[in-house]
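Sequence lines, in order, name chains A and B. Just so we're aligned: 441 in this note's numbering is position 441 of the first sequence, and the numbers increase by one with no gaps anywhere. Just so we're aligned: 2 in this note's numbering is position 2 of the second sequence, and the numbers increase by one with no gaps anywhere.
Source of the hints: derived by calculation from the structure; they are not laboratory data. The model shown is predicted, which means the values in this text are computed figures rather than measured ones. Backbone N, C-alpha and C define an ideal beta-carbon position, used for all residues, glycine too. Wrong hints could be hidden among the right ones.
[Stated by the list, open to error] Computed beta-carbon distance windows for the label pairs: (1) A:Ala341 - B:Leu10: 17 to 27 Å; (2) A:Ser252 - B:Lys8: 46 to 56 Å; (3) A:Lys137 - B:Val26: 54 to 64 Å; (4) A:Pro77 - B:Val35: 34 to 44 Å; (5) A:Asp180 - B:Glu40: 24 to 34 Å; (6) B:Ala5 - A:Ser2: 31 to 41 Å; (7) A:Arg31 - B:Lys8: 47 to 57 Å; (8) A:Cys254 - B:Gly31: 25 to 35 Å.
[What the hints assert, rightly or not] Computed footprint of chain A on chain B, listed as stretches where at least three residues anywhere in the stretch have a Cβ under 8 Å from a Cβ of chain A: (9) 3-12; (10) 18-30.
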Amino acid sequence: MSSVGIKGYAYSLNHVPEMGLHYGNTPYVERLTKGETEFLSKLPEHLQQYEDARDYAPNQAYIGGITLDEYETQPKPWYENRMTDAGRYGRYGEIMPEDEFLGLMDICDVFDIIWLERSFASVVREKLAKDPVITDKVLARLENGHDLDEINVEIEKHRALPLYFENNVVGCVRSGHEVDECLFPYVLLENLASKASAVLSVLHLLKNFDVDPGEIDFVIECSEEGAGDMNQRAGGNFAKAIAEIAGLVNSSGCDVRGFCAGPVNAMIAAASQVASGARKNCLVVAGGAVPKLYMNARDHVKKSMPALEDCLGSFAVLLVEDSGDSPVMRLDALGKHTVGAGASPQAVTSALVWDPLQKRGLTFNDVDKYAAELHTPEITLPAGAGDVPLANSKMIAALSVMKQQLEKKDMMDFVREKGLTGFAHTQGHIPSGVPYIGHACDAIREGKLNRVMIIGKGSLFLARLTNLSDGASFFIEKSSGTPAVGAVTKDDVKRLILEALGDIKDSLQ
Amino acid sequence: MGKFAGKKLLLLGERDGVPAPAMEAVFQNSGAEVVFSVTECFV
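All chains should be built: construct the whole structure from the sequences, respecting the hints.
Written out as structure tokens, the structure reads:
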């Protein structure tokens with residue numbers, strides 16, 4: 001079987017400005033190493049309210065509040081032209097406010113790591129009860145809360161990290177161990193936030209596509225966090241922990257890592273298991289990254305604009321057998337950035353785009369859209385990191401010219417037609433091609449597109465194990481309309497022989 | 001040998017732009033010495 005069906009997808013954001021202010025890596029490290037600097041004193045003035053984040057066009061594009069065609073018509077700069085008709089919920093998920101997210105983190109905590117102040121927990125319970133994906137069973141996991149005095153003792157005497165809402169301490173993240181750095185509060189905060197945001201997208205997928213939680217067979221998680229202890233620093237496993245909270249009682253799971261290339265590699269791993277028949281279905285999921293909150297805020301503050309990196313991103317995609325009625329992910333022509341491919345932009349783009357096109361005898365023009373690194377340009381441009389999706393589209397167009405499939409003068413038309421405007425937060429693995437899967441599948445179902453390519457790239461060199469980067473890619477297209485045929489088994493052969501013998505017998509009679 | 005001969009180079013690459021190993025390859029026969037080379041990711 002060379003293709004699997006994409007049955008469902010969900011995308012959510014958690015607006016967490018105060019978590020970012022205190023624990024986003026840029027402000028956190030600056031505070032730790034330099035104290036209260038000018039940047040840190042100015043940053044609070046640049047934080048966005050929940051309504052600002054909700055009404056921000058890229059965020060609405062991410063959760064499916066608007067289509068990408070509608071997104072293209074939104075006036076720029078988006079942060080000065082907020083939408084007036086945006087809601088908390090979109091077709092794919094929601095933008096959850098910070099207080100409710102702290103409650104969701106407590107719901108996802110099975111080791112009493114998160115403590116919430118009693119009255120705060122009570123208010124949050126009422127708010128979360130109104131969220132259509134938070135079931136009574138999920139909500140029952142929320143603790144009743146603790147007295148603020150108890151929380152303050154944890155913070156002052158036991159290294160717990162305070163949790164804030166509206167500038168007040170409303171809870172804390174407790175330490176998981178006396179000496180094990182892997183279980184210190186900052187790491188647990190990061191991991192629980194990633195877990196909780198992932199759970200939110202899983203719950204939206206189950207609801208939006210009417211999937212029975214008990215039907216999920218296997219989960220593959222692909223964030224960039226490391227869960228473990230000092231003997232196995234990133235032993236895992238987020239996938240099963242997420243599945244437990246989401247009620248996926250018949251599933252198991254494992255994690256796939258590869259920096260920002262993790263999600264595309266996880267999609268390939270999941271699809272391969274489904275295609276081989278090893279799993280009936282596979283759910284690919286990732287939550288967000290606390291350290292990346294306000295990663296570029298220093299430049300946003302300098303340029304007197306809002307600090308836009310205030311949301312944790314998450315997604316979930318459900319892969320099933322190709323039954324002919326869902327868009328499919330193809331496995332017969334995957335892009336792979338090999339060790340020997342080289343590091344130049346031309347070499348990388350050749351490996352990820354040209355090679356898979358050649359495998360299938362396709363031209364650059366046979367792909368309607370290329371989705372690589374979908375960072376919101378308003379976040380990255382002020383920081384000097386450029387318009388990342390545009391840069392990637394230009395590289396693909398340039399390669400198309402080199403391969404004599406495009407006239408040089410038509411390059412920018414190619415970029416406009418086949419590229420995408422970024423709409424994802426700078427959450428590392430989250431923007432890496434996968435935010436387009438939902439929009440692409442919708443457009444394919446509606447007959448607006450035939451084929452797209454999803455491309456992920458990962459900065460492996462950041463871990464100081466290799467100088468290499470990585471990348472992977474795959475095609476999504478409309479199903480051929482007939483269920484894919486699996487490998488022929490011995491039983492199939494036996495059945496066919498018996499049927500043939502039966503036919504001969506009938507004809508002889 | 002061109003204008004880089006005898007120079008010392010610090011190379012800072014970017015993953016979605018030009019990575020450092022690609023720059024190193026460009027300067028390989030320039031007569032310059034690469035004293036530091038790193039690729040970073042700003043997204």
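So, going through the hints one by one against the coordinates:
no.: 1; hint: A:Ala341 - B:Leu10: 17 to 27 Å; verdict: holds (26 Å)
no.: 2; hint: A:Ser252 - B:Lys8: 46 to 56 Å; verdict: holds (54 Å)
no.: 3; hint: A:Lys137 - B:Val26: 54 to 64 Å; verdict: holds (59 Å)
no.: 4; hint: A:Pro77 - B:Val35: 34 to 44 Å; verdict: holds (40 Å)
no.: 5; hint: A:Asp180 - B:Glu40: 24 to 34 Å; verdict: holds (30 Å)
no.: 6; hint: B:Ala5 - A:Ser2: 31 to 41 Å; verdict: violated (54 Å)
no.: 7; hint: A:Arg31 - B:Lys8: 47 to 57 Å; verdict: violated (35 Å)
no.: 8; hint: A:Cys254 - B:Gly31: 25 to 35 Å; verdict: violated (50 Å)
no.: 9; hint: 3-12; verdict: violated (count 0)
no.: 10; hint: 18-30; verdict: holds (count 6)
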